[in-house]
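Following the hints, put chain A in place on chain V, whose structure we already have.
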Amino acid sequence: MTEIADAFRNGKAFIAFVTCGDPDLGTTESVIKSLAANGADLIELGIPFSDPTAEGPVIQGANERALAGGVTTDTIFDMVVRVRKDVKIPMVFMTYANVVFSYGTERFVKRCAEIGIQGLILPDVPFEEREDFAPACEKEGLSLISMVAPTSADRISMIAKEAKGFVYVVSSLGVTGTRTNISTDVGSITAEIRKNTDVPMAIGFGISGPEQARKMAVHADGVIVGSAIVRLVEKHGRDAAGPIGEFTKSIKDAISDL
Amino acid sequence: MTNPRGRFGIHGGQYIPETLMNAVIELEEAYDHYKDDPEFNAELNSLLNEYAGRPSRLYYAKRMTEDLGGAKIYLKREDLNHTGAHKINNVLGQALLAKKMGKTRLIAETGAGQHGVATATAAALLGMECLVYMGVEDMERQALNVYRMRLLGAEVRGVETGTGTLKDAVSECMREWTSRIDDTHYCLGSVMGPHPFPTIVRDFQAVIGKEIKQQLAEKEGRLPDMLIACVGGGSNAIGTFYDFIKDESVELVGCEAAGRGIDTFETAATINTGKLGIFHGMKSYFCQNEYGQIAPVYSISAGLDYPGIGPEHSWLHDIGRAKYVAITDDEAVEAFEYLSRTEGIIPAIESSHALAYAMKVAPTMDKDKIIVVTVSGRGDKDVAAIARYRGEDIHD
Numbered sequence: 003m004t005e006i007a008d009a010f011r012n013g014k015a016f017i018a019f020v021t022c023g024d025p026d027l028g029t030t031e032s033v034i035k036s037l038a039a040n041g042a043d044l045i046e047l048g049i050p051f052s053d054p055t056a057e058g059p060v061i062q063g064a065n066e067r068a069l070a071g072g073v074t075t076d077t078i079f080d081m082v083v084r085v086r087k088d089v090k091i092p093m094v095f096m097t098y099a100n101v102v103f104s105y106g107t108e109r110f111v112k113r114c115a116e117i118g119i120q121g122l123i124l125p126d127v128p129f130e131e132r133e134d135f136a137p138a139c140e141k142e143g144l145s146l147i148s149m150v151a152p153t154s155a156d157r158i159s160m161i162a163k164e165a166k167g168f169v170y171v172v173s174s175l176g177v178t179g180t181r182t183n184i185s186t187d188v189g190s191i192t193a194e195i196r197k198n199t200d201v202p203m204a205i206g207f208g209i210s211g212p213e214q215a216r217k218m219a220v221h222a223d224g225v226i227v228g229s230a231i232v233r234l235v236e237k238h239g240r241d242a243a244g245p246i247g248e249f250t251k252s253i254k255d256a257i258s259d260l
Numbered sequence: 060m061t062n063p064r065g066r067f068g069i070h071g072g073q074y075i076p077e078t079l080m081n082a083v084i085e086l087e088e089a090y091d092h093y094k095d096d097p098e099f100n101a102e103l104n105s106l107l108n109e110y111a112g113r114p115s116r117l118y119y120a121k122r123m124t125e126d127l128g129g130a131k132i133y134l135k136r137e138d139l140n141h142t143g144a145h146k147i148n149n150v151l152g153q154a155l156l157a158k159k160m161g162k163t164r165l166i167a168e169t170g171a172g173q174h175g176v177a178t179a180t181a182a183a184l185l186g187m188e189c190l191v192y193m194g195v196e197d198m199e200r201q202a203l204n205v206y207r208m209r210l211l212g213a214e215v216r217g218v219e220t221g222t223g224t225l226k227d228a229v230s231e232c233m234r235e236w237t238s239r240i241d242d243t244h245y246c247l248g249s250v251m252g253p254h255p256f257p258t259i260v261r262d263f264q265a266v267i268g269k270e271i272k273q274q275l276a277e278k279e280g281r282l283p284d285m286l287i288a289c290v291g292g293g294s295n296a297i298g299t300f301y302d303f304i305k306d307e308s309v310e311l312v313g314c315e316a317a318g319r320g321i322d323t324f325e326t327a328a329t330i331n332t333g334k335l336g337i338f339h340g341m342k343s344y345f346c347q348n349e350y351g352q353i354a355p356v357y358s359i360s361a362g363l364d365y366p367g368i369g370p371e372h373s374w375l376h377d378i379g380r381a382k383y384v385a386i387t388d389d390e391a392v393e394a395f396e397y398l399s400r401t402e403g404i405i406p407a408i409e410s411s412h413a414l415a416y417a418m419k420v421a422p423t424m425d426k427d428k429i430i431v432v433t434v435s436g437r438g439d440k441d442v443a444a445i446a447r448y449r450g451e452d453i454h455d
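Sequence lines, in order, name chains V and A.
Quick note: the first sequence uses my numbering, first residue 3, plus one each step.
Quick note: the second sequence uses my numbering, first residue 60, plus one each step.
So here's chain V without its partners, still in its complex pose:
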């Protein structure tokens, strides 16, 4: 059975993000297959939300395009069922609290388990509010992923001790999106996390390409790339699978010898 830990068994993990339904679910299916075939170790599937407050302009745009195209939580579940026949690497959903809550948290999480989703990332649910979602996830065997930010400071140990699946280390202040420079002392954050848990750590927010991925991967067990992939979808539309495959290879090559 697929589990999140699988993602961290092939050297440094490359975790890829894609917004489901941008510009349609057929494209998302082909992108997922391309990511898996070209070396991605785990895929974060974004369920679009009307008001994604943690996203920068690139992923906001993807959310708007996807919702305008008519995707819903249910059509995304159906797409996962189809793609799961070919794709064996772990997959998690990334979305906002209200998408899960309005569906019915237990019903949502149960459906995730049935279709082969291993975890859930909710950027607007901090440690203090986990109780709304953690019991349902625990019951169905999903990992509710914890996030640590550059401002977490004295909160790191508390968050790390409860972490499941992997710890999502937010590299920078602000929202998602590529950055030319990541100035946070990521190494000291991951060192603090490591003191408190053995759960793998992956660094995300702002990683634009292979060189930055390599720099960040030194400090953790994996890197997460979102906006740079979404931008390729924006640029190539329904033909995005090819360019995204090449991009995936370049990232995995850059971090696999570390």
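Just so you know, these hints were derived from the structure itself, not from any lab.
Keep in mind that the hints are not guaranteed to be accurate.
[Stated by the list, open to error] Taking CB as the label site, the calculated pair distances span:
(1) V:S210 - A:L203: 41 to 49 Å
(2) A:E85 - V:L260: 34 to 42 Å
(3) A:A446 - V:K217: 36 to 44 Å
(4) A:D306 - V:N198: 20 to 28 Å
(5) A:L185 - V:K35: 52 to 60 Å
(6) A:E85 - V:P59: 26 to 34 Å
(7) V:P245 - A:E451: 49 to 57 Å
(8) V:G28 - A:R449: 43 to 51 Å
(9) V:E194 - A:N100: 52 to 60 Å
(10) A:G217 - V:K251: 34 to 42 Å
(11) V:A155 - A:Y206: 38 to 46 Å
(12) V:G211 - A:E85: 33 to 41 Å
(13) V:K35 - A:K159: 33 to 41 Å
(14) A:K382 - V:A155: 50 to 58 Å
[As the list claims (entries may be wrong)] Chain A stretches covered by chain V per the calculated footprint, using a threshold of three residues with CB under 8 Å from any CB of chain V:
(15) 68–77
(16) 344–350
[What the hints assert, rightly or not] Covered stretches of chain A (in silico footprint by chain V; criterion: 3 or more residues with CB under 8 Å from a CB of chain V, positions within the stretch not fixed):
(17) 216–230
(18) 237–246
Glycine included, C-beta positions come from ideal geometry on N, C-alpha and C.
Quick look at chain A alone, frame taken from chain V:
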């Protein structure tokens, strides 16, 4: 009424990115420290009295009362405050608190522009930098307030995402705050968002109800029978209600914006049409579709054009302590014109929603009953929009 995690019944909470958690914790600690600090309160009271012009008047609307022929109507004149609305009460409190915390920059969302103007004003007064986010749709509806904010030295940034209204301005503030926390305080304008904002904003607005209680005791020697206030996020309403929650004989009525009607999609009546959800940092009622996507709400009033409501209001609704009614654009515009003609007071289109309900309910009540309506702001900003609504094209 708040438990330690900022809950009002099941509502409230802190549903925000981890990046902001230490910022709201720091804010809560600072607020807990200063709220009972005599020096802080003396400074704030001096600003409220000397600068903002408090206490605001409780005015007996004699002609309105006689014309409607029922309950006696008093108007709580928040429109007479400096900057023209109740928003200044909260802003002076938060700006002073932010300054004590060592912050040098205020960011704020605004809908009608009243909270933005109040924040820009406080920033000018206290020598702070100010950035206001405003939906592009609202910038057009409230062009005068955009210029006022710039005149006061604030930067106004248009928000084009989503529906280009208040909710998008709130989202943009949250994004901005995650990118710059050290020197920046998010001066949230209503009793919404993550804890401790609903509590802080309520406490700073509670002055409205405290004054009503005292002023009405002086004039009538008793409590009112009904309090009416408009509700978007709900700050003037909670400010009006808060001191009376324990006085069970006092009926509390919040007036939501029905827009073109609660049976249409063009509405912003959250309690009447929304369902429980999690958004903008809080669990509360929201207008949303079956998949939890936040609805593109509509009201003629930019200040009530928000798909959610503060968590304490949701709780007051749950326990039946307050009643929330929906008022259409048409009814609000009629009330806007009615008060102008009858009392010589041009109310904000937001406040006109509360006045519209008073016009409906007063004639059904006995003459010995007393209603207090909070006129949350003045209507100068709305004159051009109302003229357009009536088919007259005048320039701002």
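Consistency of the hints with the structure:
Our hint of 41 to 49 Å for S210 of chain V and L203 of chain A holds, since their Cβ atoms are close to 42 Å apart. At about 37 Å, the beta-carbon gap between E85 of chain A and L260 of chain V stays in the expected band of 34 to 42 Å. The given range of 36 to 44 Å is broken by A446 of chain A and K217 of chain V, whose C-beta atoms sit roughly 59 Å from each other. In this structure the hint that D306 of chain A and N198 of chain V lie 20 to 28 Å apart at CB is violated, the actual value being about 50 Å.
The hinted window of 52 to 60 Å between L185 of chain A and K35 of chain V holds, with their beta carbons roughly 57 Å apart. A C-beta distance of roughly 28 Å is found between E85 of chain A and P59 of chain V, which places it inside the suggested range of 26 to 34 Å. Taking 49 to 57 Å as the suggested C-beta distance range, the pair P245 of chain V and E451 of chain A conforms, at roughly 55 Å. Distance hint for G28 of chain V and R449 of chain A: a CB-CB separation of about 50 Å, consistent with the stated range 43 to 51 Å.
Between E194 of chain V and N100 of chain A, the C-beta spacing of about 39 Å breaks the proposed range 52 to 60 Å. At roughly 41 Å, the beta carbons of G217 of chain A and K251 of chain V sit within the given window of 34 to 42 Å. Between A155 of chain V and Y206 of chain A the CB atoms are about 41 Å apart, so this pair conforms to the stated range of 38 to 46 Å. Restraint check, G211 of chain V to E85 of chain A: a C-beta distance of roughly 35 Å satisfies the suggested window 33 to 41 Å.
Checked against the hint of 33 to 41 Å, the C-beta distance between K35 of chain V and K159 of chain A comes to roughly 56 Å, which is inconsistent with it. Under the hint 50 to 58 Å, the C-beta atoms of K382 of chain A and A155 of chain V, about 45 Å apart, miss the expected range. Using a Cβ-Cβ cut-off of 8 Å, 6 residues of the segment 68–77 of chain A lie near chain V, which meets the minimum of three, so the contact claim holds. Given a C-beta distance limit of less than 8 Å, the hint that chain V covers the segment 344–350 of chain A holds, as 4 residues qualify and 3 suffice.
With a cut-off of 8 Å between beta carbons, the segment 216–230 of chain A has 5 residues touching chain V; three or more are needed, and the interface restraint holds. Taking a C-beta to C-beta cut-off of 8 Å, the segment 237–246 of chain A contributes 4 residues in contact with chain V, enough for the three needed, and the coverage statement holds.
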